[in-house]
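Engineer: Chains as they are written, first to last, in our numbering: chain A, 13 to 379; chain B, 645 to 1223.
Simulated from the structure, these hints should not be mistaken for lab results.
Don't take every hint at face value.
As the list claims (entries may be wrong) - Over 12 Å on every C-beta distance to chain B, these chain A residues come out as not near it, computed from the model:
# : residue
1 : 229
2 : 251
3 : 258
4 : 375
Said to hold, decoys possible - Between beta-carbon pairs, the in silico distance windows are:
# : chain 1 : residue 1 : chain 2 : residue 2 : range
5 : A       : 143       : B       : 969       : 55 to 63 Å
6 : B       : 798       : A       : 139       : 13 to 21 Å
7 : B       : 857       : A       : 197       : 48 to 56 Å
8 : B       : 992       : A       : 143       : 38 to 46 Å
Small disclaimer: the values here were computed from a predicted structure and weren't measured.
For glycine and all other residues, C-beta sits at the position ideal for the given N, C-alpha and C.
These are the residues of each chain, in order.
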Amino acid sequence: MTSMTHRRSARAVPAALAASALLALAACSFPEDAAPREASASNPDAGSAGGTVTLVTHDSFHIDEQLLADFTSRTGLEVQQVAPGDGGALVNQLVLTKGNPLGDLAYGIDNSFASRAVAEGVFVPYSSGEPAAADAAAFALPGDDTLTAIDYSDVCLNIDDGWFAEAGVTPPATLEDLTKPEYQDLAVVPAPTTSSPGLAFLMATVAAFGEDGWQDYWRALVDNGVKVVPGWSDAYYTDFTVGGGGDRPIVLSYASSPPFTVPEGGEEPTTSALLETCFRQVEYAGVLAGAKNPEGAKAVLDLLLSAEFQAGIPESMYVYPVASAVELPSDWVRWAPLAEQPLTLDPAVIAEGRDGWVREWSEIVQG
Amino acid sequence: MSGRRRRTEGTGAPAPAVPGASVASRRRPAPGRWLAWGLAAGLPLLFLGLFFAWPVGNMLGLGLWPEGALDLGGFGEVLSRQRTWRILGLTLLQASLGTVISLVLGVPGAYVLYRTRFRGQGAVRAFVTVPFVLPTVVVGVAFRSLLAPHGPLGFLGWEESLWGIVAALVFFNYAVVVRTVGGTWAQLDPRAEQSARALGASPARAFWHVTLPALAPAIASAASLVFLFCATSFGTVLVLGGMRYGTIETEIWVQTTQFLDLRAAAVLSVAQLLVVAGALAVAGRARAKRERAVELATEARAVRPISRADAVPLAVTVLALAALALPIGHLVVRSLRTPQGWGLGNYLALGTTGGANTLSVTVWEATANSLRVAALAAAIAVLVGTLVAIVLSRRPAARAGRRALSLMDALFMLPLGVSAVTVGFGFLVTLDRPLGLPVDLRTAGLLVPIAQAVVAVPLVVRVLLPVLRAIDPRQRQAAATLGASPRRVLAAVDARVAAKPLGLAVGFAFAVSLGEFGATSFLARPDAATLPVVVFRLIGRPGEQNLGMALAASVLLAALTAGVMLAAERLRPGTAGDL
């Protein structure tokens, strides 16, 4: 009997110790976090009158420090960022933490996964009063009043112009071209299972060849030696002839990629985007259901639509702002035009078909 | 039953009746003893339970108990897919190959680097650890450009092949074998082998029959670690396998992050747990069979200058080092290539936030973040890991006690064998109010070092445990009989032996924390980004400058690791006296 009680007390003590150690650690570990968290922990309902707003985003998000500092001094809101993932991972995390969200608002949900988040009730309705909200409305999901478009981009095939000039081969222009013998073993793309531009490219083929036609197109692509790699960086920096000295002059990237290949002291980029192969990707932000600081979340969402933030989007995130009033950087105007008629899919069709397409794709390409 | 027990006991020294209790304590039962051991075992178990078992259990629960009712339909569905079995087979195949080759190359390496002495040895020891922490995404670039058909090693034909994956797995894990085995070997008394030689045994025979059995527990430790690392490797398999060599780990990732099919993910996680538990059981058996007190010596006596007799292990080691140097060298060379030609431009750019502000912090700031987080993670891991190793090094007489210890041993290895995506997502669905405390750990920076520590604890345990277990229990008993308190026994016997490998354990914990990018990637905070995070982000953007900076930052990470390991080697609190 005695030993029983001892064992029990021995178990209770570590629990108490660990709990206090946890608290102590939480209190002293990260000086820059300590202040805002203490503030929010001591008066969790002080949202509307300043406090902390947590922005859940992906690791490509970037905001100018000065802009953020001005926002804080104007509103009293400290913005904390967490980046738990991107693409499907981000949306799935939001779905799984619906009851007790990771933050107050989320940015970076793209149109390939947005429908899942909306259907799961991850967001609450909000319409911003910023002037750019009218531009954003053009990108809104039909029948949805929760998500606000912030930026968009075109995922397109890029080619190494120099390679084609040197080889004396006419560059390809369309998706169909990639199945022609003269382009055998020349293309590299990321996989839709592991890469969001890869998923966009799969959707481009669904949009171009139809829900019953894309499978044959992919079989032809595989027969023609398309190389599939896990991520965008593997394709662009290892296999593409420009990025890393690979041996494939056709790569999946963005319409905005060419300006980054203007050589030092040069005038023109060495790559160009094939604008007939583009799928339009839209990124949204929304106020999370169950947010601790919904008013703060709305203020940050307004910030994302503000003229200042929108103007910085091309330089900081390599995508196009939704605000039509923003003047694009001059090299973008010259070298990064958007597709005039991008390939698109109805969000409802995406929601219905996405998982099935990816599974079918895996069977066709990976066996 | 009792007869069997006596026989088991008979092979070793008389074992104390309660964990850690000595002859003296049996006469004078001390309640404080129970409390101390309860604490030593309970604290780590609580840590593991809170930051590993609970999050993982929650994810499995979401898959298998979706609406509050057990749903095992997923098993039939997932296990009837041909794809599942192919993936399972490939996982076992690549992990087994990776483990065996790491051992074949690593054991001679352990000998050369820990049992002999030569100039520059410390630097070489530090160098072999570098691959262990390099970000997979960068190693992927280095390996792929080496193995590509037009690359320097293109003639091997390993691009998108199983051998490419295995080569990378060995690259990452060579250090695990060298250091785990080396730590024990350095302290093995050479006299047993010398006696065998004096009695006429050839060097090979003496090694095979005397030294190898004494090293078996350490080798089994290393093998289980490497197998777990290989079986759960994610990026390596994806990047080098060219999408064709999916493993359980990559499949769990796809099911969880893309399809949100938690049912399939849970079934695969259970399969992964079974594979890992099987591997741990095999390793545990191999260890237990061989594990006994071996003669330990101080390094001064055990280590001798390298000589011609060491030609074979030396040749193997030189070969292995060359194989490690190739991708690292390739990385360094490429990091010196800038848009303006060769130079240090990429390194100078580390003080910036990248072309067109790719980053929210400069690489130097990220380095400071990394060091701070890794220091905290290493402190947690060494504290928890040391407690675990001390508890596990006891040999209770009761079968139940021994069973409990071997179970605990396996439990603390599991974090290496469970999918990072399961752990990472588990954190997010679990730690909003840990133990009812008003701290949302999910978004607190604190969870990052904790997540890293969970992965580092098994390494600390595996480095310390073989040495602690090799201590003859009679030493502890003798000290206790002479009137030493249990704490004193710990200080006088265990601590002195463990002091040297403890430095190694600290280094390992620090290194693994620096490079961890599994579960941590789900907790990333752009405003407090760590080195692997900025490397990942830089390499995710177009532009030669971003690539150059990513490579330079990786070289920085490698140099940092080497520096930490070099310092850890020198960390010898006190001098290990003659035992």
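Engineer: Is 13 to 21 Å a correct range for the gap between the Cβ atoms of residue 798(B) and residue 139(A)?
Structural biologist: At roughly 57 Å between Cβ atoms, residue 139(A) and residue 798(B) fall outside 13 to 21 Å, so the hint is violated.
Engineer: Are all C-beta atoms of chain B more than 12 Å from that of residue 258(A)?
Structural biologist: violated, 7 Å
Engineer: Would residue 251(A) pass as off the interface with chain B, using Cβ distances and a cut of 12 Å?
Structural biologist: Answer for residue 251(A): violated, closest chain B Cβ roughly 8 Å.
Engineer: Regarding residue 143(A) and residue 969(B), is the given constraint of 55 to 63 Å on their beta-carbon distance met?
Structural biologist: Holds, since residue 143(A) and residue 969(B) (Cβ atoms, about 58 Å apart) stay within the stated range.
Engineer: Could one say that the CB atoms of residue 857(B) and residue 197(A) fall in the range 48 to 56 Å?
Structural biologist: Because 54 Å falls inside the window, the suggested range holds.
Engineer: Any Cβ of chain B at or closer than 12 Å to residue 375(A), or is the non-interface label fine?
Structural biologist: Given that some Cβ of chain B is not farther than 12 Å from that of residue 375(A), nearest at about 9 Å, it is violated.
Engineer: Beyond 12 Å from chain B, beta-carbon-wise, is residue 229(A)?
Structural biologist: holds, 18 Å
Engineer: Do the Cβ positions of residue 992(B) and residue 143(A) conform to the proposed distance bound of 38 to 46 Å?
Structural biologist: holds, 41 Å
Of the hints listed earlier, those the structure fails to meet are numbers 2, 3, 4, 6, in rising order.
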